[in-house]
Each structure stands twice: as C-alpha cells, then as structure tokens.
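**Student:** Chains A and B, in that order, give the protein sequences.
The first sequence maps to residues 3 to 127 in the working numbering.
The second sequence maps to residues 156 to 664 in the working numbering.
Wrong hints could be hidden among the right ones.
Using 25 Å as the maximum straight-line C-alpha spacing, the simulated DSS-like pairs for lysine-lysine come out as follows [to be verified]: (1) K372(B) / K92(A); (2) K365(B) / K106(A); (3) K365(B) / K92(A); (4) K115(A) / K372(B); (5) K76(A) / K115(A); (6) K358(B) / K300(B); (7) K127(A) / K68(A); (8) K115(A) / K127(A); (9) K106(A) / K358(B); (10) K92(A) / K121(A); (11) K76(A) / K127(A); (12) K372(B) / K358(B); (13) K522(B) / K106(A); (14) K68(A) / K106(A); (15) K126(A) / K76(A); (16) K76(A) / K92(A); (17) K76(A) / K121(A); (18) K522(B) / K559(B).
Please keep in mind that the hints were generated in silico from the structure rather than gathered at the bench.
The lines below spell out each chain.
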Amino acid sequence: MRILIIEDADSIRRMIEALVTGRGHSVEPANSGARGVELAIAQAPDLVLLDLNLPGTLDGFQVCEKLRAEPNTKNVPIVIISALDDQDSKARALAAGANAYYTKPFSPMALLKEIEGRKRDAEKK
Amino acid sequence: MTAAMSKGRLTRQELGWLLTQEASGAAERLRVGVQVLKTNAPPAPLPGADDPSATGLDATLNVLDDAMKMLSSLHTKPAAIKGRRGRIDLAALIWEVAPDARVSIETGPVERSGTEIFADEGELRRMLHVLIGQGTGAGSAVTIKRDGEDVRVAVVLGPDSSATAETERAWLARMAIRYGGRYELEGGAEVLSFPADGVSERKEREALRKELDEARKQGEAYARELAQAYAHGEEVSTPSTLPPPLHLMPTAERFGALSKFAGGIAAELRTILSAAARQVPSKAGQPPLTALTPSGGTPSMPLQIADAEERWDVVRRALARAQDFVGALASLSDIDAQDLSGACRLDEVSGNVNGALQGRADKLGVKLVMTPAPDDLPPAHIAARACTVLVRNLVEQAISASPKGSEVRVSFSHEEAGPRLSVEDSGAPLPSGARRAFVALEVEPGTYGRASCVPLNIAAEIAGAVEATVELADSPLGGLRVSVTFGRAPRSAPARATTGHETSGHEMG
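Whole structure, please, built from the sequences with the hints as guidance.
**Tutor:** Right, here's the structure in full:
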C-alpha cells in the first residue's frame, strides 16, 4: 500500500514509517496539513495516517474535510492518530470524514491490523 | 553603485545620508524662499513639521520636511543600523528614538514582565521612527506595555497629514509580521505588538518537550507490544528460520514441538544408557571382576577388589542420574500438546506423585511432607496428566537437591488468581539474580549446588503452556521454594475426591 503519513512530530513520524515500511508498505511523509493535502491530491495514496494537531494553516480536521471534498481523495481511507483523546475530537474527526481514530500512544500491532484490514478491503474492491 | 564600495569612495549608506541631508537643506531653503515670496516679509522662524496651522503649500512642505527628517534619521547611526540583532529593550530604545516623547511603561506582572523583544535593532529603530512620526511627533504620548506574551507599543494618532501615511502603515504591518507581531489601529492609537523575548523559544521548547513526551510514550508502547509478542509467541518481524524459533509459534504448537524434541532425545539417550547399564554389574551380584583386569588374570589383592567396587559405584550413580534425567525428558513427551487444558485437583495429583516418589526419597534419606490443602482449594486449570508431569519434576528436583536427613515440603494455598502449589526443598539456596537464568537453562548443570536445571525448566514450560505463573523464592527450609499458581478451572471441574491425605498433614517420609 502507498501510505501518506501527515504528522509534524519527526520522531513519531519516523516510528510509524519504520513500522509500516517493515511490512512492505511504501510511505510518503508530510509534516504539515497543507503539504499533506498537496501530496494526497497529487498522488492519491491508498491510505492516509493523519495527526490532528498540525502546524500552519490547516489542522487535521481541516485536512480531513479537504481530502473528502477532493474527487481524487474523497474515497481514500483516513486513519487519525492523535494525542487528543476526548470524545468531542473523535466525533469531530469522524464527522469530518475520518475512517478510524487511534489515540497516542497507539498500539503498533493494532495499527498494523487496521492497515492490513484496509488493504484487504481495497483488494476486495 | 554597489553596497560595498572600494576604499576612498563613499559607501551606499554614506551617500544616502548625504543625499538626504542635501534634500533636507533644499527643503528648508525652499520653505524660506516661499515664505519671502508670499509675505514679502522677513522669514518667520522655521515651523515644525507638526505645525497644525500649516496649510496648502506649507502643508506640502511639511510633508517633504517629514520625509526628509525620516530619511535623515535613518542614517544618524549607521553602525547601529548595520545591525545588532538580539535582545532589545523597547522602552530603552524609545528613549533614544524619541527623547521628547511622553512615555509610560507598564512592565506587567512579575511572572511575565519585561519589555524586551528579539529583533534587529536597526529595523526596530526605523519602525519606531515611523510609528512615532505617524503619531503626534516629538511630544507623542507613547505607551509601552507588557501584555501577556506580547510587548505593545501604542502611539496616539496625530493629525493624518502625511501623504505617505498609508504606505508607512503597510510597511509597519509587514515588518511587524516579519517579527511574529502585528500592527493595528486601536481607537485613536496605533499599536505595534511583538512577541516578548523568550516567548517563542519557550513555545518551541514546550512543543519539543511535548513531542519528546509523545515519542517516549510511543516508544514504550512499541516496547510493550514487542515484549508481549515474544512472551506469547505472536508473529514478530524477525527473519524466518527452519524450523521456526519456538517463540514464534503458538503455545500448543510450541509445546508440541518441545515435547516431541524432548521425547526424541530421551529415546536416543535411553538406548545409549541401556547399553552402558548392561555392562555394569548389579550391586547384589558380584561384579565380573575379570573385566577389570587388562590381562584377564585373577586379582588377588582385596584392596584392588574394594577399589574396583568403589569405581562401579561411581558409575552406577552416574547412570542413575542420567536415567533420571532421561525420565524427566521422556515425561514431557507423555503430554499431549493438544490436551493441556483441563481441570484437576492439585492435592490429589501431588498425593499420587509423592506416593510414587516415596521410595526414591527414602533411598536418599529425604523426608517428603505434604501439608493438607485448604478446604476451599479450587480445581486447577490444567489437565491431570500435564499436572502430574509438572509436579513430578518439581518434587523430583527438590528431592535431588536436598541433603540426606532433610525435608521436602509440598503445600497448597488458595490465591486470588487461583490454586497454588508450592514445593520447598532444603538444598542449596538459589540467588535471586540467578533464578531466571537457571530455569532458562542458561547455566551449567551443578552450578549453585543443584544437579540439573532441566526439571525446573520442564515444569516452567508446562506451566507456561497453561498460562500458570511460576515463582521462585527462598524457602524457610534453607533451599528453594517453587510456587505455581494456576488459573481456576471452569465450573465443570471434577468434584473433590476423598483421599486419605486430604484430612491431615500427610507425612510420607
């Protein structure tokens, strides 16, 4: 799978990269919402892993909304990985179009299972 | 012209300064001339740029004068403009830029005080000139205030006579943004706000700390999962080998592989040992002493016979130990890996095992004691056959480790997690730091005064396969206490059977 990771924290991004590339997925990193949207529209990845607290003009919620509004990315699964663990943020993210929500620190195994599940879904289609 | 001029020629900055001086002088002369033409009167004293009564041509001249003043002021301290970049106290700079201004300073509460910002002094000086020039001029009312994370400079707006006012405001706004601040009109005042010195660094530090904290927590989550994956034999991303490492296999499969391996080794060893044992004369019958004499001659000296018998004894003991070891290995292969779970009563199984090992304990002069189980001891979640092998290995190793005349004690307790079996011996103590390595077969046999670590390893493997926990501790008897806490068996567990050793302390020695 081609996975776009939109995460501003270098260390977390690298950890996720290491995790998913170890399972044979390819990764495109972005450290801001604007850059993430740009890459997503240009490349239409198979999956987006998205942080919510992002620097710059677009936060994760807005990124989510923008990706859902773009024809090229409206069906790309978006998995949120955020330190925000309140119900309101989860509800907002899902309302903005996210498919799944993981709270940091997340379980790497659970994330891998999620990705594998998304991969199987994509293969069925 | 270039910014850096060769030696002996004017620099761009010096030339600019000269030109502005020329322009300023020309404006003054123009003003005087116009005054003479208008009134035919002697020239009046030179009006200030902020003269409110000025109109028409005068106003235009005032604007020109303002512009010249501003341009001129930009060159008054070329060294400073070049550039000190760092922490600058806005209040102090205001005193320099506008010594006639009425400045009020509010430094803010102690925890967030100070009017210092991080900037280029030249640029800041220029901004203040423009700002104060926009205001009421030399006698402007300027307020410098620490407002939370910001330092604000407010100047009361003067009459908006400058033709370049809009351009200057746009420039101020742009410069303010460059420093992470803003330029605003608030009521009758213009306000420049800058982030106070240290705020951006603090925010950066906080962001970094937060990121590090998240990374640390995430790293811990990774480590936990990795540890769990190893502990439960889940798939982890290690290279595959043939046969696969045991820790990568599911519990039943792993145990099955282990028992098969142990059974195979035991069978091989048993064949070898049997052949060796056939050559050793039994103690009851006289040894074929001829076998001990290289020439086949008859030994005539009683000392030689005694010596030979002693050697045979050493061989017999070694063989017995080897056969015990093979027995322990073989016992593991008796367990059906697919049938590990079940229910049994620990006290019943232990009673049977102790009964079977009684002869051996007697032979070694070790007293085997089983304390009665509590009435509420629930059935353990393990199949009876597996439990028998586990208990047998524990008791056997305890007997072997205990010296002649000492005691081995088997006891039971009802713990929160489930029923617990404890086997204590009077052998050599096992240091707490060495226990894990001992059970994991990472030490040489005989280390710490114990003949073999294999029985404990087998017991631990069986316990691990049924998710029972094994604890090693010092025993009051002087040796080791091995406790195994099992899960509770489901409700369909067998009812308590009545056996003779349930009602009281059952001494088997």
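**Student:** Now, for every hint given, state plainly whether the structure supports it.
**Tutor:** Checked hints:
{"no.": "1", "hint": "K372(B) / K92(A)", "verdict": "holds, 20 Å"}
{"no.": "2", "hint": "K365(B) / K106(A)", "verdict": "holds, 12 Å"}
{"no.": "3", "hint": "K365(B) / K92(A)", "verdict": "holds, 21 Å"}
{"no.": "4", "hint": "K115(A) / K372(B)", "verdict": "holds, 20 Å"}
{"no.": "5", "hint": "K76(A) / K115(A)", "verdict": "holds, 23 Å"}
{"no.": "6", "hint": "K358(B) / K300(B)", "verdict": "holds, 21 Å"}
{"no.": "7", "hint": "K127(A) / K68(A)", "verdict": "holds, 24 Å"}
{"no.": "8", "hint": "K115(A) / K127(A)", "verdict": "holds, 19 Å"}
{"no.": "9", "hint": "K106(A) / K358(B)", "verdict": "holds, 21 Å"}
{"no.": "10", "hint": "K92(A) / K121(A)", "verdict": "holds, 23 Å"}
{"no.": "11", "hint": "K76(A) / K127(A)", "verdict": "holds, 16 Å"}
{"no.": "12", "hint": "K372(B) / K358(B)", "verdict": "holds, 21 Å"}
{"no.": "13", "hint": "K522(B) / K106(A)", "verdict": "violated, 57 Å"}
{"no.": "14", "hint": "K68(A) / K106(A)", "verdict": "holds, 23 Å"}
{"no.": "15", "hint": "K126(A) / K76(A)", "verdict": "holds, 18 Å"}
{"no.": "16", "hint": "K76(A) / K92(A)", "verdict": "holds, 19 Å"}
{"no.": "17", "hint": "K76(A) / K121(A)", "verdict": "holds, 17 Å"}
{"no.": "18", "hint": "K522(B) / K559(B)", "verdict": "holds, 9 Å"}
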